[in-house]
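Number of protein chains: 2
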Amino acid sequence: MKQVQLSHGGGGEEMNRLIHDLFYKSFDNDILSSAEDAAVLKPEGNVAFTTDSFTVSPIFFNGGDIGKLAVAGTVNDLAMMGAKPLWLSSAFMIEEGLPFEELEQIVQSMAKELQKSGAKVVCGDTKVVPKGSVDKIFINTSGIGEVLVNGISAHNLEVGDAIIVSRDIGRHGAAIMMAREGIDLESDLKSDCETLWPAVEALIDAKVKIKAMRDATRGGLAAVLNEWAEASNICIEVEEEQLPVCDEVRGICEMLGFEPYDLANEGTFILAVDSADKEVALEALSKYSFCTDASVIGSVTDKKQGKVILQSSWGSNRFLELPKGELLPRIC
Amino acid sequence: MKQVQLSHGGGGEEMNRLIHDLFYKSFDNDILSSAEDAAVLKPEGNVAFTTDSFTVSPIFFNGGDIGKLAVAGTVNDLAMMGAKPLWLSSAFMIEEGLPFEELEQIVQSMAKELQKSGAKVVCGDTKVVPKGSVDKIFINTSGIGEVLVNGISAHNLEVGDAIIVSRDIGRHGAAIMMAREGIDLESDLKSDCETLWPAVEALIDAKVKIKAMRDATRGGLAAVLNEWAEASNICIEVEEEQLPVCDEVRGICEMLGFEPYDLANEGTFILAVDSADKEVALEALSKYSFCTDASVIGSVTDKKQGKVILQSSWGSNRFLELPKGELLPRIC
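Each protein sequence line maps, in turn, to chains R and D.
Quick note on full-length UniProt numbering: the first sequence kicks off at 1 and runs consecutively.
Quick note on full-length UniProt numbering: the second sequence kicks off at 1 and runs consecutively.
What the hints contain is simulated information worked out from the structure, not anything from laboratory work.
It is possible that some hints are incorrect.
A pair counts as met if it fits within one copy or between any two copies, since identical chains are not told apart.
Below, a list of computed lysine-lysine pairs in the DSS-like style, where the Cα atoms sit at most 30 Å apart [unchecked claim]:
#, residue 1, residue 2
1, K112, K207
2, K131, K2
3, K42, K304
4, K136, K116
5, K2, K25
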C-alpha cells in the first residue's frame, strides 16, 4: 500500500509531484496551478475572511470525512456572514505513513463539496511530519467570500425577533461519538455535515432580513444562543419541545448523559429574523433536503438580559448555560 | 504550572476566556474582537492570499520560535508577491498539557512580529487535542495583502537578468539542526527568521523592477532557482563562490553532509531583476540589518533551458538539482 512519506512534505521533487498530481488535478483552477507564493485575487466590495482547523477523529465517519468537513466548515463560516464563498486555502498536516488512498479520498471529498458553493481552492500548503507528531491528518482551510448582505451580526438581535433552527440538532456530535465509542444503534445516524451556502442564498433571494446567523458547531445550539444573548444584551426564550431532535440523537444523549443542544453540528444553523419574516424564511429553507426540519424554536424577549431561558414542556423554566468543561475533543 | 486543557478548545466558557484574555489582548484590534464567524474587510484593488502551517520542532530555537515563524512566514509569502501584508488569520492546534506560559510566549512573539509589517490578526481558531494527537503545537496562518506591484512571477525571468540573494543562506535549517541534535558549536548561530516586508517595500520605493521574488524556505535556494528555471524555461547560472554562507552554517553542513543551498531559510529571499537594476537593488537592501550580505550570485542565460548550473570556484560546472528525499522534517 502506497503511503505518504516525509519526502512528500520536503519542498523538493516528491512534494512537487504530490502537489501537481493530486492537489492541482482535484482542485483544478488556474489560480492554484499558477503555483506562486500567493494567489492573486480581484475581490469586489467587502469581503469576509475566516479560518478553521480540522482535527476530527475518526477521519472518516458516517455522513462525511475530514475533507468534506474542512470545506463545509469554512464555507459555512463565510455563508453565516452573508458572504458568497469564493476562495479557499487548503493546508494539510499529514502524519508520515498515512495511506495514500485515504489522502486521495479526502481530497476528492473536498473537491466534491466545493462544487456545492462554487468556491475554489486557490492556495495551499503541505506538511508531512514524522509518525507520532500528528494523528493521521489535520487540515486547515481559510476562506474569503464576497459580502452580499451587510450587517449580519451577533449584536443585532431585538425584542420580538424569531429564532429559527435550520434542522434537527446534535447529529454531528452524536455520529462522532458513535464512531468513536463503537456504538451500534442499528441505525443509520449520519452527521449533518453539509455546505449551507445554497440555503443561505435562498434566504437572501427571498429578501429575508437576516439579523444574526451562525452555524452551531462546537458548543452546539447552547453556545450560539448564549453568545447572541450576551452580545445583543437581550433574552432568548426557547421552547424545549420545539427543538427538533431525531430519535437516534435523543437515544445517544440519554445513554451518554449529553444534551442535544450542547452537541456539535456541522450543517445546522441558527437564524434570528424579524418575526414578520419567519414564514418566508421557513418556506425558503424547506426546499433544501438538509433543512426539512427547520423550525421556529423561540423568540427574543427582555425577561433576563444576557441570558437564554429554556421552557420545558411541563411549564418549568431554567437557564440554558454556555457548555462548560471538556465536551468532546476532536469533534471537528 | 498552568497548562492548556481540552476544555480550552471545547467551544464553551473556558475557550471564550482563553480567546478574550490572551488572543484578543495580544492581537488587539476591533475586527478580531468583534468575534463574528468571519472578519469583514474592505480591500482595495487586487489582493494576494496565502496559507502556511507551522509544525517546527523544537518550538523555541535560537533566533525565533514557532510564533515568530508563523507570522514572518505568511507575511513573507505576501511580500514575495509584491503585496503589502494587511490581514492574517491565526489557527492554533494545541496539545493538551502545553504549559500556558509557552503559549503566551508564542502569542506575544506573534504580536511583536506583526508590528514589523503592520499586518493584523483579524480571525482565528483554537483547537486543543488530547495528548499524543499533536506534538506540542501547530499553527496555521493565512494572509491577505494588497498587491502593490503586479506581475511578479516565476514565469518572468529573461536572459540577462541578475539573480540576487538577500543575505547568507542556510541559517534556519542549520539552527534547527543544531537545536535538534544538541550540537553546540560554541557559536551563536541564529535562524534568519524575519519579516521581509520592510526590505521589499524599500525595493518597491526604489523603483526596482522586480521580475521574480521568492523566499527560500523548504528546499532552500536550490528549490527556488529550479522552479524559476523551469517556469520561465531559461537557464540560471550561479557562481558558487558568490553564495554568501557564514562559517557556522558551513561547519554544520560539513559535519552533517548537507549543502547550504538545500537548507531552509525563513528570512532570506531571492530576487530576479533586470541587470541594470542590480546596484539600486543592493543599495536598497543594504539599509536592513537582515540584508547586509545581499549579493548578486548569478544571472539568467540560455545555456541549458530549465536548468540551474553551479560554477565552482575552480572552473568546473555541474547542475544544481531540486533537492530530493527527506531533507529535514518539521523545519518550519
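Going through the hints against the structure:
1. K112 / K207: within (29 Å within a copy, 45 Å between copies)
2. K131 / K2: For K131 and K2, both the intra-copy (16 Å) and inter-copy (28 Å) Cα distances are at most 30 Å.
3. K42 / K304: neither (46 Å within a copy, 37 Å between copies)
4. K136 / K116: within (27 Å within a copy, 36 Å between copies)
5. K2 / K25: within (19 Å within a copy, 46 Å between copies)
Hint violations for this structure: number 3 only, all remaining hints satisfied.
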